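J.: Sequence:
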Amino acid sequence: MCSLAIGFFFIHLSQNSNSMNPNLRNSLAVIAGLVIGSVVNMALIMSSSSIIPPPEGADVTTLEGLKASLPLFQPKHFIMPFLAHALGTLVGAFIGAKLSANRPFPIAMIVGCVFLAGGIMNVMQLPAPMWFNALDLLGAYLPMAWLGYKLSGK
Numbered sequence: 009m010c011s012l013a014i015g016f017f018f019i020h021l022s023q024n025s026n027s028m029n030p031n032l033r034n035s036l037a038v039i040a041g042l043v044i045g046s047v048v049n050m051a052l053i054m055s056s057s058s059i060i061p062p063p064e065g066a067d068v069t070t071l072e073g074l075k076a077s078l079p080l081f082q083p084k085h086f087i088m089p090f091l092a093h094a095l096g097t098l099v100g101a102f103i104g105a106k107l108s109a110n111r112p113f114p115i116a117m118i119v120g121c122v123f124l125a126g127g128i129m130n131v132m133q134l135p136a137p138m139w140f141n142a143l144d145l146l147g148a149y150l151p152m153a154w155l156g157y158k159l160s161g162k
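Under my numbering, the residues of the sequence shown are numbered 9 to 162, in order.
Errors might be hidden in some of the hints.
Restraint ranges, calculated between C-beta atoms of paired labels, are given here [what the hints assert, rightly or not]: (1) P135 - P61: 19 to 27 Å; (2) I59 - L143: 31 to 39 Å; (3) G161 - D67: 38 to 46 Å; (4) L146 - A51: 21 to 29 Å; (5) P63 - P114: 38 to 46 Å; (6) M28 - P83: 23 to 31 Å; (7) P114 - G65: 43 to 51 Å; (8) D67 - A142: 22 to 30 Å.
Please keep in mind that the hints were generated in silico from the structure rather than gathered at the bench.
If you're wondering where the values come from, they're calculated on a predicted model, not measured in any experiment.
Idealized CB from N, CA, C, for every residue including glycine.
Could you build all of it, start to finish, from the sequences and the hints given here?
T.: Shown next, in the form of structure tokens:
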């Protein structure tokens with residue numbers, strides 16, 4: 009149901025691009041980028057344990073369980089979270105830039121900055137290894153937002 013509403017929203021936004029106020033269109037582009045990027049992020053996070061199973065005895069269903077289980081994680085267990093953060097940001101920035109009225113680069117970077125803020129909060133909450141925190145914060149957000157802008161062709 010939510011996917012259907014989002015689909016109608018995109019069709020409406022793309023068809024009414026000339027008659028819509030540019031500021032309203034840019035604001036909706038940011039919101040659409042954040043929503044779709046978050047959906048991609050969560051879909052990858054939710055499917056990650058079926059692609060790369062967590063370590064034996066790890067409880068990744070709660071924040072407390074995840075915190076307690078992180079010392080058991082090997083580098084392979086950080087692949088899917090990184091991909092979720094990077095691809096969610098990439099898709100969100102792409103959608104935001106593509107739907108923007110006249111400011112695709114700032115729109116893409118706003119989406120990237122919001123996701124970066126979420127990544128910073130994640131680093132503060134979870135005791136992940138420093139190498140992963142650095143890779144995630146430096147590689148998954150602003151570079152992916154820039155790439156999403158470039159791929160949008162605007």
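J.: Against this structure, judge whether each hint is valid.
T.: Hint-by-hint comparison with the structure:
1. P135 - P61: 19 to 27 Å: Because 21 Å falls inside the window, the suggested range holds.
2. I59 - L143: 31 to 39 Å: violated, 19 Å
3. G161 - D67: 38 to 46 Å: At roughly 44 Å between Cβ atoms, D67 and G161 fall inside 38 to 46 Å, so the hint holds.
4. L146 - A51: 21 to 29 Å: For A51 against L146, whose Cβ atoms are near 24 Å apart, the range 21 to 29 Å holds.
5. P63 - P114: 38 to 46 Å: For P114 against P63, whose Cβ atoms are near 42 Å apart, the range 38 to 46 Å holds.
6. M28 - P83: 23 to 31 Å: violated, 46 Å
7. P114 - G65: 43 to 51 Å: Given range 43 to 51 Å: holds, Cβ gap about 46 Å.
8. D67 - A142: 22 to 30 Å: holds, 26 Å
Taken one by one, the earlier hints fail for this structure at numbers 2, 6, listed in ascending order.
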